[in-house]
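Chemist: One-letter residues, chain by chain:
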Amino acid sequence: MSTEARKPPAQIALKIRRVLGGKTGWNGIVVQFVFAAILGWIGYEIVSNARANLENQHIAAGFGFLRNNAGFDVNQTLISYTGSDTFLRVFVVGLLNTLVVSVVGIVFATVLGFVVALCRLSPNWLLSRIGEIYVEIIRNLPLLFQILFWYLAVLAALPNPRQSISLLGIAFISNRGLVIPQPIGQAGLDPFLLVLGFGIVAVLALRIYARRALFQRGQMIRIWPYVLGLLFGLPLATMLLVGLPFTFELPQLKGFNFAGGSRIIPEFVALTLALSTYTAAFIAEIVRAGILSVHKGQMEAGASLGLSRGTTLRLIVVPQAMRVIVPPLTNQYLNLTKNSSLAVAIGYPDLVSVWAGTSLSQTGQAIEIIAMTMGVYLLISLLTSAIMSVYGWRVSRSLGA
Amino acid sequence: MTDIASSAYVRQDLIAERPAPVRMTGFVGLMRTRLLNSPTNILITIVSALLLWFTIVPSVKFLFVDAVWTGTDRTACLPENAGFAVGACWPYIQAKLPQLIYGFYPEAERWRVDLTFVLATVLLVPMLVPRLPAKALNASLFFFAFPVVAFFLLHGGGITGFGLSWTAGLLQLFDDSIIGAGQVLLSLSKTSAIAPLLWALGSLIVLVGKAISWLIFPLTWLRDQLEGSGQSVWSDFAITTVVVSLIAFVVGGGLRTGWRALAWSIGTFAAIALVIKLMGLDHGGLPVVQTRLWGGLLVTLVVSVAGIVTSLPIGIALALGRRSTIPLIRIFSIAFIEFWRGVPLITVLFFATYMLPLFLPGNFTVDGLVRALIGIALFTGAYQAENVRGGLAAIPRGQGEAAAALGLSWWKTTSLIVLPQALRHVIPNLVNSFISLLKDTSLVSIVALFDLLGSLRASFADPKWSAPSTLFTGFAFAGIIYFLFCFGMSRYSLFVEHRLNAHRRN
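Note that the protein sequences, when read in sequence, are chains Z and F. Quick note on my numbering: the first sequence kicks off at -6 and runs consecutively. Quick note on my numbering: the second sequence kicks off at 1490 and runs consecutively.
Take these hints with a grain of salt, some might be off.
Counterexamples of contact, computed for chain F against chain Z with all Cβ distances above 12 Å [claimed, not checked]: (1) 1499; (2) 1508; (3) 1511; (4) 1658; (5) 1721; (6) 1740; (7) 1742; (8) 1748; (9) 1753; (10) 1832; (11) 1843; (12) 1887; (13) 1917; (14) 1958; (15) 1978.
In silico SDA-like cross-links for lysine to any residue, where the CA-CA straight-line distance does not exceed 20 Å [what the hints assert, rightly or not]: (16) Z:16 <-> F:1894; (17) Z:16 <-> F:1886; (18) F:1766 <-> F:1645.
These aren't lab readings, by the way, just hints derived from the structure by calculation. Cβ coordinates follow ideal geometry from the N, Cα and C atoms, glycine included.
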């Protein structure tokens, strides 16, 4: 009597079941089928209704309108734009305006946020209370309220250009916005930029070399004198040789307004102020939580190794705090970018304002325009979260090692 | 014993009292340890005190000392007439207060708004105090009964049918849509290359539609009969009560254990009947107030409460979907959540205002407020889903496995074991997203709804009150209201968090 091993059951059906239905098997497949049918039905309803409605309103679907003339002006453009340009260019103008207000806002918000966080962590009781009051007040008021407050109440209460407030005689702030000196390129600009670029590249290379020397051979190389020389000395020397890279054109009061200099529109000033002060309150809380998350023992361990307080902070505490800080910080940057869409309330020409606002009312192409607007923001946030997941993967890898 | 005293090494006199230790507590101690303990700290303290002085003193001066308290129009708030640098112009707030609270809600009907506010407070306060009993009843009243009652109170109007007519109407709409889709396919099949396939699919769908229409025929017939009779609401109500109570009885376990469910069902319907009778919904109800007349704090609160009530179920469903083991449902939930979280709320409101009407049948118009509400519900729902998912992830696997070992189904495991624990974990997070929801409601003013901020902005345009300090007064008033609501909620969330973590404290 021979005993043969029984043949294993056929795996193919099981595998199909697993792939199609997940862990729930055939039940899962049925549920999915029903779900897909419901989705299909909703999709069909949407498409057929939209088609019928568009036909009734005599709107041609499609992106052909992008090549039409826009025919309206935008009061802040980073690229040349006139009313006779196409809608596509309006889109780009709006997108650039959104990006510029976001970047400027992010810079100010980060600086202010770190300052407020340091205030809150300060051993001085009064200062930490001031930080707390700032955070509580700012976080508990709607952002739109703050934008309108800066725009309608504060900036509108500023004097007119003739009585504008002078900042050291080079910049002027009034209810028509902020006027700052405008740099004008001179003959020395090209060599200056060339040398500056070379200096930055050389500094980066030097830093990589120094770190490698430290990690592989244990050799400490002091690089800061070279860094100073490369970043400041070399451009300065070029400037002396070939002349000034640019001069500043100072704004002059002529009649009722300023001539010369470049004007920053009040909407931009109000939006940047509101966005950066608002986001700074959130960043402050994130930074504070990050620094508090580093155990006290780390500081003490650093001290027992004979490191100075500054070195301990720089090499031990901050890198660990950054690991906690960076993901929510990026989230706040993303929030700031999305919140910049509130510009539409005060008429700053950002993407939502000129594209989903003015262009939409001019063309009536609601579906295309809103899809494009949402798509831009979606793309930005998906890109950011992709970068963040790579960062998280690297952090977890370095923690595992 | 006496010789001890005489021993040379025993001290004969008391040691002199040492000075009392430096006080480290109280205000003096605080000054010593945390304000003035080093030169740098003294400097910082002085600078901070100056900063506080230059912000607090002018604010207090503006709000109280220099304020104008009485007057009938802008002249009272002009510095020339008042004789001093005028601070806050409170008569302006007094004059605009009805507009800031009710918008353009008709004056004779404002008691309805007040009544709704009172109802909300009566339901909300016992729910927020952890010590009070009957949380389930309270929550179901707030989340299900209150929104309906509030709608009929605020908007007015009555009902012409009840459960039966509504079910019949919905099923008929669904059936019409299916038959429509089938007929589109059939007409396409005349010109298409894959004609036989389309024809077969189209006929199949039409057949299904026909079958459904025969299935629901008793319902529609009954509805038509009821509409013919004079007492359509009440007879419809009676039929619905009987049907639903019977279903509850049978599902609850029939003769053995179903009595409790039956009693609950009958009680609920009795309460509904009482509400219908009290508000006269069966013959027209209260006079209709169009939503475009609503405004001010009313809209702010309506939008936030409606957002809270609708976003939570959406969030729970999406969170469960995202953790589901069924691939299609998981993928759909992830895509849905990430989409709404990736776009700013203002584009969502634009979407709801301009795009949503295109997606609905042409004869079907949606009110502007409802459109904004749909957008906000979807948007907040996605955020709530992530909150709830955090709570679900915090529940140990063992809980679900233990429930499975006891033989509970997925639905019972989820609704009786996992969700109650998960939701309790995330109450602070939910409250925090309600704070941001309340703040975000201010955005509806961009799509032409007059919430508190919108009404405030509209009131600035009134030439009767255009004085230099009007703007700052208005912003101060609205800011105080927003701050009170948001700060109150954030303190509450901290309180709940503290209570939930009571076991971790030592």
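Chemist: Now look at each hint and say whether the structure bears it out.
Modeler: Hints and how they fare:
Every CB of chain Z lies more than 12 Å from the CB of residue 1499 (chain F), the least distance being 45 Å, so the non-interface label holds. No Cβ of chain Z approaches the Cβ of residue 1508 (chain F) within 12 Å, the least distance being about 25 Å, so the stated non-interface status holds. No Cβ of chain Z approaches the Cβ of residue 1511 (chain F) within 12 Å, the least distance being about 17 Å, so the stated non-interface status holds. No beta-carbon of chain Z comes within 12 Å of the beta-carbon of residue 1658 (chain F); the shortest separation is about 16 Å.
With a least beta-carbon separation of about 29 Å from chain Z, residue 1721 (chain F) lies farther than 12 Å from that chain, consistent with its non-interface assignment. Every Cβ of chain Z is farther than 12 Å from the Cβ of residue 1740 (chain F); the closest lies at roughly 21 Å, confirming the non-interface assignment. At roughly 25 Å from the closest C-beta of chain Z, the C-beta of residue 1742 (chain F) stays outside 12 Å, upholding its exclusion from the interface. A cut-off of 12 Å between C-beta atoms confirms that residue 1748 (chain F) is not in contact with chain Z; the least separation is 33 Å.
With a cut of 12 Å on Cβ distances, residue 1753 (chain F) stays outside the contact zone with chain Z, its closest approach being about 30 Å. Distance check for residue 1832 (chain F) against chain Z: the nearest CB is about 5 Å away, which does not clear 12 Å, and the non-interface claim fails. Its closest Cβ contact with chain Z, about 4 Å, brings residue 1843 (chain F) to no more than 12 Å, contrary to its assignment away from the interface. Residue 1887 (chain F), annotated as away from the interface, keeps every beta carbon of chain Z farther than 12 Å; the closest lies near 18 Å.
Against the 12 Å criterion, residue 1917 (chain F) stays outside the reach of chain Z, whose nearest CB is about 15 Å from its own CB. Distance to chain Z contradicts residue 1958 (chain F) as a non-interface residue, since its nearest Cβ pair spans about 10 Å, not more than 12 Å. Not every beta carbon of chain Z lies more than 12 Å from that of residue 1978 (chain F), the smallest distance being close to 9 Å; the non-interface claim is violated. Restraint check: the Cα-Cα separation between residue 16 (chain Z) and residue 1894 (chain F) comes to about 17 Å, which is no more than 20 Å; the hinted pair holds.
Of the supplied pair hints, the one linking residue 16 (chain Z) and residue 1886 (chain F) holds, its CA atoms being roughly 16 Å apart against a limit of 20 Å. Straight-line distance between C-alpha atoms of residue 1766 (chain F) and residue 1645 (chain F) comes to about 14 Å, which keeps the hinted pair within the 20 Å bound.
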